[in-house]
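Asker: Chains as they are written, first to last, in my numbering: chain P, 4 to 354; chain X, 4 to 354; chain S, 4 to 354.
The set of hints was computed from the structure by calculation and includes no laboratory data. You may find that some hints are simply not true.
Given that identical chains are not distinguished, each listed pair holds provided it fits within a single copy or across any two copies.
Only pairs whose alpha carbons sit at most 35 Å apart, straight line, appear in this in silico DSBU-like list of lysine-lysine [said to hold, decoys possible]:
no., residue 1, residue 2
1, K206, K6
2, K123, K152
3, K300, K123
In this text, all values refer to a predicted model and were calculated from it rather than measured experimentally.
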Amino acid sequence: MGKTSTGNYFEDFEIGRILRHATPRTVTQGDAAIYTALFGPRFALTSSDEFARSLGLACAPIDNLLAFHIIFGKTVPDISLNAIAILGYADCRFLAPVYPGDTLSATSEIIGLRELSNGKSGVVYVRSAGVNQRHEVVIDYVRWVMVRKRDETAPARPGGVPELPQAVAAQDLVVPSSLNFRGFNCDLSGAPHLWEDYQIGEKINHVDGMTIEEAEHMMAARLYQNTARVHFNQYMQNSSNDARRLVYGGHVISLARALSFNGLANGVKIAAINGGRHVAPCHAGNTVFAWSEILDKAEISGRRDVGALRVRLFATKGQPCTEFPGATETGHHPGVILDLDYWLLMARRAA
Amino acid sequence: MGKTSTGNYFEDFEIGRILRHATPRTVTQGDAAIYTALFGPRFALTSSDEFARSLGLACAPIDNLLAFHIIFGKTVPDISLNAIAILGYADCRFLAPVYPGDTLSATSEIIGLRELSNGKSGVVYVRSAGVNQRHEVVIDYVRWVMVRKRDETAPARPGGVPELPQAVAAQDLVVPSSLNFRGFNCDLSGAPHLWEDYQIGEKINHVDGMTIEEAEHMMAARLYQNTARVHFNQYMQNSSNDARRLVYGGHVISLARALSFNGLANGVKIAAINGGRHVAPCHAGNTVFAWSEILDKAEISGRRDVGALRVRLFATKGQPCTEFPGATETGHHPGVILDLDYWLLMARRAA
Amino acid sequence: MGKTSTGNYFEDFEIGRILRHATPRTVTQGDAAIYTALFGPRFALTSSDEFARSLGLACAPIDNLLAFHIIFGKTVPDISLNAIAILGYADCRFLAPVYPGDTLSATSEIIGLRELSNGKSGVVYVRSAGVNQRHEVVIDYVRWVMVRKRDETAPARPGGVPELPQAVAAQDLVVPSSLNFRGFNCDLSGAPHLWEDYQIGEKINHVDGMTIEEAEHMMAARLYQNTARVHFNQYMQNSSNDARRLVYGGHVISLARALSFNGLANGVKIAAINGGRHVAPCHAGNTVFAWSEILDKAEISGRRDVGALRVRLFATKGQPCTEFPGATETGHHPGVILDLDYWLLMARRAA
Chain P
4 MGKTSTGNYF EDFEIGRILR HATPRTVTQG DAAIYTALFG PRFALTSSDE FARSLGLACA
64 PIDNLLAFHI IFGKTVPDIS LNAIAILGYA DCRFLAPVYP GDTLSATSEI IGLRELSNGK
124 SGVVYVRSAG VNQRHEVVID YVRWVMVRKR DETAPARPGG VPELPQAVAA QDLVVPSSLN
184 FRGFNCDLSG APHLWEDYQI GEKINHVDGM TIEEAEHMMA ARLYQNTARV HFNQYMQNSS
244 NDARRLVYGG HVISLARALS FNGLANGVKI AAINGGRHVA PCHAGNTVFA WSEILDKAEI
304 SGRRDVGALR VRLFATKGQP CTEFPGATET GHHPGVILDL DYWLLMARRA A
Chain X
4 MGKTSTGNYF EDFEIGRILR HATPRTVTQG DAAIYTALFG PRFALTSSDE FARSLGLACA
64 PIDNLLAFHI IFGKTVPDIS LNAIAILGYA DCRFLAPVYP GDTLSATSEI IGLRELSNGK
124 SGVVYVRSAG VNQRHEVVID YVRWVMVRKR DETAPARPGG VPELPQAVAA QDLVVPSSLN
184 FRGFNCDLSG APHLWEDYQI GEKINHVDGM TIEEAEHMMA ARLYQNTARV HFNQYMQNSS
244 NDARRLVYGG HVISLARALS FNGLANGVKI AAINGGRHVA PCHAGNTVFA WSEILDKAEI
304 SGRRDVGALR VRLFATKGQP CTEFPGATET GHHPGVILDL DYWLLMARRA A
Chain S
4 MGKTSTGNYF EDFEIGRILR HATPRTVTQG DAAIYTALFG PRFALTSSDE FARSLGLACA
64 PIDNLLAFHI IFGKTVPDIS LNAIAILGYA DCRFLAPVYP GDTLSATSEI IGLRELSNGK
124 SGVVYVRSAG VNQRHEVVID YVRWVMVRKR DETAPARPGG VPELPQAVAA QDLVVPSSLN
184 FRGFNCDLSG APHLWEDYQI GEKINHVDGM TIEEAEHMMA ARLYQNTARV HFNQYMQNSS
244 NDARRLVYGG HVISLARALS FNGLANGVKI AAINGGRHVA PCHAGNTVFA WSEILDKAEI
304 SGRRDVGALR VRLFATKGQP CTEFPGATET GHHPGVILDL DYWLLMARRA A
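Excised from the complex, chain P in its bound form (with noise of 0.2 Å):
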């Protein structure tokens, strides 16, 4: 068993390490056609290559979210394979677009790392970057897992935890300096409100909802290279608590940004995750919902073509969202899966 490799363990992490993660991964129009047939997103940047060519780029970037889960698909072998639970997500950016044709790979540095009172496993913290065949950092982001230990009797490692920010701030957003949002057209895009028509506030029922199959959500892991055990094996999964699959918590994200379309559908890109929970396990044939609130909105320094929508994005299950069911005082209303925060990128009104 001396090359089958069984994953990390909370006990083989140290604090400065960075770990390279395995197989770049070109990106191609095959990837983008398959996340739209799994999800069904209507974004226009991302659907056509002449709305991109109108907005300033080269043709339609693949999407923020597809991205992100091959560079997290990346890091599972090596941070999560032997993880318990995925505690959150904090300071994600999304730097530079990715277009078909580009190759991602990731690397990873240990930032944080507490042993649990119970010996038996530890939260790893841990900052990740992908980086196209241009050595450009596309996305960054902090991801924060409980891990087992192997050793229940090995000693804990120094320890610490990273101080965390509680939201990318406004001014380090980052949009593109090709991407100009002037001509941005509101017929093609499938609504008219802009950034000055939202809210601090508001919310915003997303109406639709989707039914999640085995096969779609393990199509989608693979198509990441995500290895998690959890999301394929239902064999092993039989012994498990709810003896079934899981579906991987990026395909609630990505299925609940889909679904957002209706509501939102000129915030065309992502441009950072500020933090995310999975506050309840999703399986094959739940039904999932989701509405968003805006918490926030500001300019983006030196564009008036732009701004940006700090969006809570709840996803639920079984739950239709016309009452709006999120945070409560104890926790999450019962049928909530999902407590996402970002920042949305949306056109301005011509001044």
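Chain P is fixed; fit chains X and S onto it per the hints.
Answerer: Same frame as chain P, but now just chains X and S:
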């Protein structure tokens, strides 16, 4: 909810109104590959760049029906989100070929309205056009759908039912001028039978059957960015009559067309759809079979290399087609789900 | 029914007969992406254009097995539509790389016939070749299948069983001259183990398991334009022994190969398949596991950068491979479904 679209209701439509549908869509080799994976078509023209070049095209075009479904999908949010039923198609012509890299968008004109006597809904007739990035119309067709009224007391709009041809006239069929069947290679295409070999009245059982899965028809509909809720939302469908998600009617058309390869292998291109009806619903788990009847044959004006066959294509569920189950005096054989009338282009024997 | 093909029966075959199979197929990045989504392979050579360039290729080639399945699929309508069983493969060599954009077609020669003593069926031996648009042979292999007779009273044809090699000789393995492993980067490829590190007799448990869904194996088989009815037609299968659709044997090969990344990450290219048997059927719902045994090692003549490993790959269903379930005196361990013998190319350590 002001920013969420809930679709148009019967009283929102007005004869002469033009709708420009959202989200232009660049069609790629990725889309073509997923189409192959979902239906398994084997027609040489759309399968092989080399074969397409031997007929004068730049490369393999996108399957006619894939382009049709994409254009159809764009019309759904504006036309049929509140549809009770899709009643029929007519006068659909495939004009310019669609190639990977082309960007399609869609517009519709309301050409007829007829309120039903119950006052609860009405029939909307629309002519939709799919246009590429060079502003060439690639597809043009009429469909009519039964749409709910939002307010049953709303007064009836000025109505009218358009006159529609029983079939596209043979002289109106368009064969792209670059497409030349003179070098058509039957060894490669899979059958020796050419236009001359088919007789009016001939019936062909396509033999094979294909069972549909939920993941498949949902991936297809999302690939087309079709948002009709009945295909995706099992939670909502639980309170429908049959408590099942409904398979998009176009899925059955594509399946039946792919099955028809076995008997019509040299019918590599659909030129027009004269009419079509989804006679009964289709659900995941159904096994679809198909058979064809040759209704008519026509020469193409000015062309000796290619002719047209008018074909009536029946699809059934759970019903092999050995006995050619089709129309009856009072409707259709109970197993029939699709009754489609279309024009097929097929190479002729060299003079 | 004269135009519907019902496939060849045993008495239709004749030794020496050459069959040119229908439907040339341009393989695209879309096909490659679907292959990734279905199996999740992580081998760097086929995942990354940049990695492929670092080894001297123009871009990432199509996975050997995807090309194999496409060629195999083309032979089905002529060879195995009436097959009772696929009995084995032999002497399969991967010759020229296949790139996105290449168009593959297939021909077969009947090289052996043996009527079974019951008079109801016989074994057909065929050598099939896959050829690209430059008329280069990319794959060449032999398989034999048991085929039904149409008419049990038909006289036996002159028969004969071809002599087939136990294994492809190491000196007959082809490494494309442009493919140079000197700069092979183990950080990117995912494991430090190179050709020198594997020992004859070594056993590797690939650990992970993958559960198969109906939608997945049918999408795969349709992607290959494989028309064998047992994979698709549940209506027909309802009257079969196990009342289930059968998973295409090649699906199990691809799954096991993808799982084998964990232990054989640097075996980026299959050079030959020596033989293979589908020992037991596989159905949707089965969880597939895999393990490998190193049978032999060979140098590649004239090359110091790359060597070959002869690997015996077992796949199981519902049976983890910790105990290496494999061949027994009387057959195979009951959980085994695939027993495959192949040659793998792997980088050698710099001298």
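Asker: Each hint should be assessed against the structure and marked as holding or not.
Answerer: These are the hints, each one checked on the structure:
Taking CA atoms no more than 35 Å apart as the test, K206 paired with K6 passes between copies only; the shortest distance there is 10 Å, against 52 Å inside one copy. In this homomeric assembly, K123 and K152 come within 35 Å of each other (Cα to Cα) only inside a single copy, at 6 Å, whereas the closest approach across copies is 61 Å. In the homo-oligomer, the alpha carbons of K300 and K123 never lie at most 35 Å apart, since the shortest distance is 43 Å inside one protomer and 43 Å across protomers.
Checked against the numbered hints above, the structure violates only hint 3.
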